[in-house]
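Protein chains in written order, with the working numbering: chain A, 1 to 89; chain B, 1 to 375; chain C, 1 to 484.
It is worth saying that the hints were derived from the structure and are not from the lab. Fair warning: there could be bad hints in the mix.
Stated by the list, open to error - DMTMM-like, lysine to aspartate or glutamate: derived pairs with alpha carbons at most 20 Å apart:
hint : chain 1 : residue 1 : chain 2 : residue 2
1    : B       : 191       : B       : 8
2    : B       : 37        : B       : 196
3    : C       : 403       : B       : 2
4    : B       : 221       : B       : 328
5    : B       : 27        : B       : 67
6    : B       : 37        : C       : 447
7    : C       : 403       : B       : 8
8    : C       : 401       : B       : 2
9    : B       : 299       : A       : 76
10   : C       : 396       : B       : 67
11   : C       : 401       : B       : 82
Stated by the list, open to error - Calculated Cβ distances over 10 Å to all of chain B for the following chain C residues:
hint : residue
12   : 55
13   : 67
14   : 84
15   : 89
16   : 174
17   : 184
18   : 287
19   : 396
20   : 413
21   : 419
22   : 447
Quantities reported herein were computed from a predicted structural model and do not represent experimental measurements. Ideal Cβ positions, reconstructed from N, Cα and C, are used throughout, including at glycine.
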Amino acid sequence: MNANGQLNFRFDGQEIIGYAGESIAAALIASGISATRLSATGMPRGYFCGMGVCWECVVRINGINTVRACRQVVEDGMIVETVNAAEKL
Amino acid sequence: MDLPKVADIVIIGAGISGLSVALPIAKAGLSVAVLDKNEPWSDASGANAGTLSIQVKRAEVLSLIYESIERWKRMPEDYGIEVGFGQPGGIRVATTEAEYNQLEKSVEVQKNKGIDVRMLNREAVRQLGPWLGPNVMAGSLCLYDSYSNPLVAGNAMVAGARKLGGVIAGGNRVSEIRRNAMSDIDRFSIKTVSGDTIHASHVVNAAGAWAGEISSMLGVKLPMEVDVNMLTVTEPSPPIFNRVVTHVGGILSLKQLPNGTCLIGGGWQGRGSVSSGTKNIDYERFLHNMRVAADVIPKIRDLHILRTWAGFEAVAPDALPIMGQLGEDDHVWTLGCARGGYSLAPALGARLAEMILNPSKRDTLLQFSPQRFAP
Amino acid sequence: MTIEEVDVTIIGAGAAGLSAAGEAARMGARVVLVDDNQHPGGQYFRQPSPQNYKCKSLVSEKDRHRFVQLLKGIDTPLVRYCPGTTVWDIHDQFTIGLADGERSRRIRSAAIVISAGARDHVYPFPGWTLPGVITAGGSQNLIKGMGIAPAAPVVVAGNGPLLLVAAANLVSVGVEVAAVVEASNRPWNIVRHAAKLIHGGSNLGLAIKYLKILYKSKIPFLRGYGVIAAYGSECLSAVDVAPIIRNGKFERSQARRITAKTMVTGMGLTPSLELPRLLGLKETSMPLRGGPNIITNEKMMSSVFGVFVAGDGSSIGGVELSLVEGRIAGINAAIHAGIGASESMQLSLTRDLSAHRRLCKFRSGLERVFMNNVDWYDLLTPETIICRCEDVTWGKLHKCKEKGLITPLQLKAATRIGMGRCQGRNCLGTLAALTSHEGDDPTKEQEMPRTRPPARPILLSELLHEQLPPPELPDDPHLPRQQD
Ligand SMILES: Cc1cc2nc3c(=O)[nH]c(=O)nc-3n(C[C@H](O)[C@H](O)[C@H](O)COP(=O)(O)OP(=O)(O)OC[C@H]3O[C@@H](n4cnc5c(N)ncnc54)[C@H](O)[C@@H]3O)c2cc1C
Ligand SMILES: Cc1cc2nc3c(=O)[nH]c(=O)nc-3n(C[C@H](O)[C@H](O)[C@H](O)COP(=O)(O)OP(=O)(O)OC[C@H]3O[C@@H](n4cnc5c(N)ncnc54)[C@H](O)[C@@H]3O)c2cc1C
Ligand code: FES
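Only chain A is shown next, with the shape it has when bound in the complex (with noise of 0.2 Å):
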C-alpha cells in the first residue's frame, strides 16, 4: 500500500487497484466489474442492496470463506474470487 492508501488485490485473477477504507464492491464497480457471483442457473449478480442483507455481492476470499464485498474492506494482496452457485456437487 502506498502513502495516499493505494493498493492491489486480484479478482479472479485480475489485478484490481483498490483504496485502503473501501469495500471490494466499492472497489470492484470503480473499476467497471459489477457482475461478482453466478446465481443457482449460472447468471451473473452482483451489489444490489449495498447495505449486508441481500448477499447479492457475496465472494470468496483467499480461497477460504464466503464474505459480503459490500461489506468487507479490501486488504493489499487479497484474492477475490466469483462464488458459483450452479457448481453443482
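Keeping the supplied structure of chain A fixed, place chains B and C with the ligands upon it in accordance with the hints.
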C-alpha cells in the same frame, strides 16, 4: 380440503409413519384417508436431518433398517416418486480410546447381524476421509448408509399417495374417535375439530409426538417421551466431504447435500415441550453441536450458518419402535416413536400395512408391539 | 460461561440507536451498544471511510454537527460500543447472543432497545437481478459512504422519497442521470396534505432543496411511470419504462427504452424484522409504511415487556423521527431498568413526545404524496426471478400451484424459496403477498417460515471459542433425553 364420508382406513398423522402405511395400502386398492392437524409433513418428518444411517441404530432394529433403506431407494420404482435419496456410505468416527472400544463392540454386533460394516484404523479412515480432523482416531465404514432429503420426500410422498387414490388432508385435527358397536364398515367415527366426521373400519395412530393423545382417545395408555432435537444448515459450499458422518460418543450427524449445503445435527436437545408447543434452540448445546462438527470436519468452520431449528421426536422408553395392534381391538393400530424413525418408517409402514391387510401376518414383529408396555 | 450483565442493550448504532444510547447513559444506565457495521451512524450518518473519496461530500454542516453530538453522547464509560458485532440470537427474552467475526459471547440486560433500521423494498420485475440494478440504499452507500459513482448513465425508478434523495445526490456528485421515474402521480396531494406536511420542519427544507436540484438539472422526470423490464446480458444495458394507468396496471403499448448502465430502484423501505420476530413481537400491517410494522406504545415499548423498538426498525419514518424515537426509547429503557428519571429528563421526554407527534403528522402527509395503487405484480413474467438466492421463478411457483402446492411452506419445500444466504429477506415478503389468497381459506392467516437464529448468517468458526460448561452427554444415546 373436503373429507370423504368413509374410508377403509383412516390414518392420523401425515408424517413419514402415516404415509409409509398409506402408500402400500392405497397401492393394494383400499381407500385410505390421512388426516393431519397441520399441513402434511410439517412436524418431525419435515424438520429432520434425513440421515438413513445403519451404524448408529440399536441392535434390535438392524434387521429392519437394511430393508428400510432398500425401500427408500426403491421409492421411484415402487411409487414413481423422487425422494432425494443418496447412498454415499457413512463413516462413524471415534475420537477417544473409550469411543474406540465402544465402536469395536458395536461393529462386532452389527457384523453378527449380517451388516456389511468394517473397522478403519487411523490411516485407513484418513485415506477414505482426508477431510477428517486430527482428533479422529478411528472409524467404521458402512457403504449402505444413506440420506433422503426430507424437503423433497414430503411433497413427493403426498403426491404419490394421492396418485394412488389416497386422500391426504391437512388442517384436520382429530378430536374424538368413537367406536360404533355392531357395525363392520363404519366401525369408527373419527371427528375433527372443525366438525367433520369420517367413518372407517381401521384406524392407524401415526401422530408422532401426539401419539399418546390419540391413544388416549382410543382408551389406551401409550408410554412415550418427546425429545426436542436441534438441526443446523450452512451456506452452500464446493465439496468438502462426501460421506454421511456420525460419531460414537459426540452426538453428531453431518452430511453435505448435492446443493452444497451442510446439515449438522445428531440429536442435541433444544428447549420446549409438546404441551407448550414451543421448540427452541438451546444456546449452549447448539454451540457444543457446532464444536463437535468442527472437531470432526475442521473445514466446515469456514462456512456461514444460515439457520437452526428444532423439532419434536417421539421416543418410546426403550427407544424401540412402537408398531402393531393398539389395545384389544384388532382394527386399531399404531406406528411411530422409533429413535431414527425417519429411516425405519418405510419398512415398519410396509409391515404394518401387511398386518392390516392380512390377518395371518399379525403375529410378526411382536417385539415392537405396544403390548410390551401393557401393565 | 460468564454472561455479562448490563442495564440496557441497544441493537443498532444508527440514528435511533445512537440517540437511545446517549439518553440512557445520560440517565446513568450502563449500556452496551452493538452494531454490525465497522462505523457508527447506520444508514443516514454514514461516514465516508475510504482514503480515495472521489465524490464531493454530501454531508451537510448541520448533519456533521449532529453526528458529532451523537458520538459525544456515547463517549462515556457508561456506554460500551461494540462495532463489527452481529446480534444473532435473543433468548430467554433478555439474553443476547453476539458474534464479532472472531468469537461469540452473551450479554444479559434488564431492557433491550432494538433499533436495527430498515432496508429497501423492491418488487421483482423482469431483469431486476442483472448486475447494475441496485437499490436506492445501495446507491447512497456507494456515493455517500465510498465516494464512488455507479456506472453512468443512470435511471432512477421506483417510488418514495428516498428515491428522490438518491437521484438528487447522484446529480450533485455529477453522475449522468438519464431519467427519474416515479410511480405516484398525485402532485395535488402536496396541496391537499399541506397541513400535515407543514410539520416537517427541517425535512421540508431538505425536500425543497432536493427538488430544486432535480428541477435545475433538467433531467426528464416521469411521474406516473414505472420500469417494466431491465435488459442486458452480463450487466444492465437498458430499461423499458411505461405509463401506469388508472387501475394500477402498466400500459405496455406505450413503453419506451432508455439506455442505462445503472438502475437505482426501490419502492420504499421496510423494517428489518428478524430480531423482533425472534422475540415474537406483535406486528401490524401498514401498507404505506413499509408493510409489517412493530406495534409500540408511547414509550416505544413493544408487546413484550422491556423490549423497546425505535426508528425505522419499528416503522418507517425517516431520520428525524428515528432520532426522536431513539431518545424516547433510551429514556424509557433506562427507567425500565430501574433508574429514576430526573426532572430535566422528564422535561426532555415531554419535548420529544410532542416532536414525535409533529413528525408523525408530517410522515402521514408525505406518505400520501407518494401514495399509489400500482400493481407491481402485473410486471411478473414466468421467467421473472422471485427468490434471488435459489433462482426460483414466478413460473416455477405457478407450476407448483398446478400440482396443488400452494402454501408458503409447501412452496418452500418444493422450490427452496427463502432458503438461501439472504434467509428470505429478498423474497418472503413477495411470497406472502403472492400466496395470500391461494389457500383453502383466504381469510386464514397463512403460516410463514419461522424466523430462527442466527438472525444474520454467522461463521461457524465464530462459535468455537466462547467458554461453556462441559456438555452433558447421555449414557445411552438411544434413550430419550432428559428435558429441562
Ligand atoms: C431435528 C430432528 C432430526 C431428526 N433426524 C433424524 C434422522 O436424521 N434420521 C432419522 O431416521 N430420524 C430422525 N429424526 C426422527 C424422525 O424425524 C422421526 O422419528 C420421524 O419423522 C417421525 O415421523 P412420524 O410420522 O411418526 O411423526 P411426525 O412426522 O411428527 O408426524 C406426525 C403427524 O401427526 C400429526 N398429528 C398429531 N396430532 C394430530 C391430531 N390430533 N390430528 C391430526 N393429526 C395429528 C402431526 O401434525 C404430524 O404431522 C429426527 C427428528 C428431529 C426432530
Ligand atoms: C440506504 C438508505 C438511505 C437513506 N437516506 C435517507 C435520507 O437521505 N434522509 C432521510 O431522512 N432518511 C434516509 N433514510 C432513512 C434513514 O436512514 C433512516 O430513517 C434512519 O437512518 C433510521 O435510523 P435507524 O437508527 O432506525 O436505522 P439505521 O440507520 O439503519 O441503523 C440500524 C443499524 O442497526 C444495525 N443492525 C441491524 N441489525 C443488526 C443486528 N442483528 N446486529 C447488529 N447490528 C444490527 C445496522 O447495521 C445499522 O447500522 C435512508 C435509509 C436507507 C436504508
Ligand atoms: S449488496 Fe446486498 S449484501 Fe452486499
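A quick look at each hint next to the structure:
{"no.": "1", "hint": "B:191 with B:8", "verdict": "16 Å, holds"}
{"no.": "2", "hint": "B:37 with B:196", "verdict": "13 Å, holds"}
{"no.": "3", "hint": "C:403 with B:2", "verdict": "17 Å, holds"}
{"no.": "4", "hint": "B:221 with B:328", "verdict": "12 Å, holds"}
{"no.": "5", "hint": "B:27 with B:67", "verdict": "19 Å, holds"}
{"no.": "6", "hint": "B:37 with C:447", "verdict": "13 Å, holds"}
{"no.": "7", "hint": "C:403 with B:8", "verdict": "26 Å, violated"}
{"no.": "8", "hint": "C:401 with B:2", "verdict": "18 Å, holds"}
{"no.": "9", "hint": "B:299 with A:76", "verdict": "25 Å, violated"}
{"no.": "10", "hint": "C:396 with B:67", "verdict": "35 Å, violated"}
{"no.": "11", "hint": "C:401 with B:82", "verdict": "19 Å, holds"}
{"no.": "12", "hint": "55", "verdict": "32 Å, holds"}
{"no.": "13", "hint": "67", "verdict": "32 Å, holds"}
{"no.": "14", "hint": "84", "verdict": "16 Å, holds"}
{"no.": "15", "hint": "89", "verdict": "7 Å, violated"}
{"no.": "16", "hint": "174", "verdict": "38 Å, holds"}
{"no.": "17", "hint": "184", "verdict": "37 Å, holds"}
{"no.": "18", "hint": "287", "verdict": "28 Å, holds"}
{"no.": "19", "hint": "396", "verdict": "13 Å, holds"}
{"no.": "20", "hint": "413", "verdict": "4 Å, violated"}
{"no.": "21", "hint": "419", "verdict": "8 Å, violated"}
{"no.": "22", "hint": "447", "verdict": "7 Å, violated"}
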